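Asks: Each chain is listed here by its residues.
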Amino acid sequence: MDLNKFKDKNLVLSLAQAIQKKSNSFGLLRIMHVCGTHENSIMRYALRDLLPNNIKLIAGPGCPVCVTSSRDIDAIINFGIKNKSKCIIATFGDMLRVKGSQYSLFSASKAGLLNVKMVYGLDELIELARNTKKEVIFFSVGFETTAAPVASVIKNYNLPENLSFFSVHKYTPNGVLELLKAGKINIDALLLPGHACVISGVSAYEKIADNFKLPCVAAGFEPADILSAVLMIINQIEHKTSKAENEYKRVLKYEGNKLGQKTLNDVFGLTDSIWRGLGIIRKSGFDFNAKYNFLNAKAKFNIQFSNKYIEEQKGCRCAEVILGVIEPTQCPLYAKGLCTPYNPIGPCMVSDEGTCRNWWEVKGEI
Amino acid sequence: MCIGVPMQIVEIYEDGISGVVEAGNTKKHCFFMVIENPKVGDYVLVHAGTAIAKIDEQEAKENIELIDQCLLGTTDGSK
Ligand code: SF4
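One line per chain: the protein sequences are A and B, in this order.
Residue 161 in my numbering is what sits at position 161 of the first sequence, and the numbering runs on without skipping anything.
Residue 436 in my numbering is what sits at position 70 of the second sequence, and the numbering runs on without skipping anything.
Watch out, some of these pointers could steer you wrong.
As the list claims (entries may be wrong) - Simulated pairs of lysine to any residue, SDA-like, Cα-Cα distance not exceeding 25 Å: (1) K240/A with E431/B; (2) K262/A with G382/B; (3) K9/A with I401/B; (4) K117/A with K393/B; (5) K155/A with I401/B; (6) K7/A with L437/B; (7) K253/A with V371/B; (8) K420/B with A389/B.
No lab work stands behind these hints, which were simulated from the structure alone.
These numbers were taken from a predicted model, which means no experiment stands behind them.
Please build the complete structure, drawing on both the sequences and the hints.
Replies: Structure follows, in structure tokens:
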């Protein structure tokens, strides 16, 4: 299947021109996206440079590892240290180097304090558990895009008995809704996360579009996708409407993936959850329903949490970066040998989806 | 983390819920538990080793038409 047309130079330039032409009809237009992969595309294709000065693309809380609380990271690390001989902590690569109060899973493992294994996919996780007698705990991170696959494996697969899950999954629509309600984000429109919407549906954002009069458009990840979504937002503004629309039709159904949603709801329920730097957000996390609680590592091992934890290392301004209040380069620790992907201080510099990391990859040492 | 990769189904195992997907010269194990009726030859979006959506050739064409409509300014917030 040829998907190259979505990055066709002429198409991208005509979209940029069309946006430019319309941009005199309104003042400042702040469009927030909530997806690290969008930030990645925006930086890689220098899309901000193609937009007029009055249109701002703002990176919001779109990186699941960035919003994983130190409270959870500390709990899994402390459990792993106390039970080193009996257990292996598995997780996705992006999570490894995110620091909790003191250690990241990577630094604690490097210091020989616990056993950590990185997995790329859930098949590898199951394989890992099958090939060891130790307990394998999956530190299960990600938005609904990842939570649904995890739930599907839990529901449909014959899992080894020594495998359990520590869920730090988050639900994007409710996260964004509560941040808007609390007045923590100040925007004019939302670019919805294409892949998270594959599961939740664009429909999950209707409430936001209605209640906050915000045009919302779900977009794919090629440059033509993102610019057309911006144009769709502008068209909504011209027509004085605020709806949830779908630009990413080749992949995304407006109502989302019903089977994925059902699987997710069968296994997990929504619970209040701490988002790093943003505090507790109502009904924004996924935790086990009673039927599957035997796979919940927190319950199975009575994992202890401490309320003394450090979300932000000294000087790190990730919370402001996540809310789109500042740009990464406004953090005094950005690059300059202080905070880099080789030695990340805050979570935003770790994952490919972290805003600081995405800026560093393109801008490097400024 | 939320990076989804478009891949083509090249094999479905007997269990009906897992198999192999391919993109370029890379083949990977994949679960098919959250898509309806996976078939060999289908294009799917793969995330965390799981196909989370089918990608439709016809809808890819319609997607381009949608972008053309955007350029003409004829989208107005309808689904
Ligand atoms: S540059 Fe580093 S320290 Fe500064 S906000 Fe980003 S991650 Fe935090």
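Asks: Next, verify each hint and record whether it holds.
Replies: Evaluation of the provided hints:
1. K240/A with E431/B: The hint holds at about 23 Å.
2. K262/A with G382/B: Distance of about 19 Å is within 25 Å: holds.
3. K9/A with I401/B: Answer violated: K9/A to I401/B is near 33 Å, above 25 Å.
4. K117/A with K393/B: holds, 22 Å
5. K155/A with I401/B: OK: K155/A and I401/B at ~14 Å, within 25 Å.
6. K7/A with L437/B: Distance ~15 Å between K7/A and L437/B Cα, so the pair holds.
7. K253/A with V371/B: holds, 17 Å
8. K420/B with A389/B: Judged against 25 Å, a Cα distance of about 14 Å means the pair holds.
Going through the hint list in order, the structure does not satisfy hint 3, though it satisfies all others.
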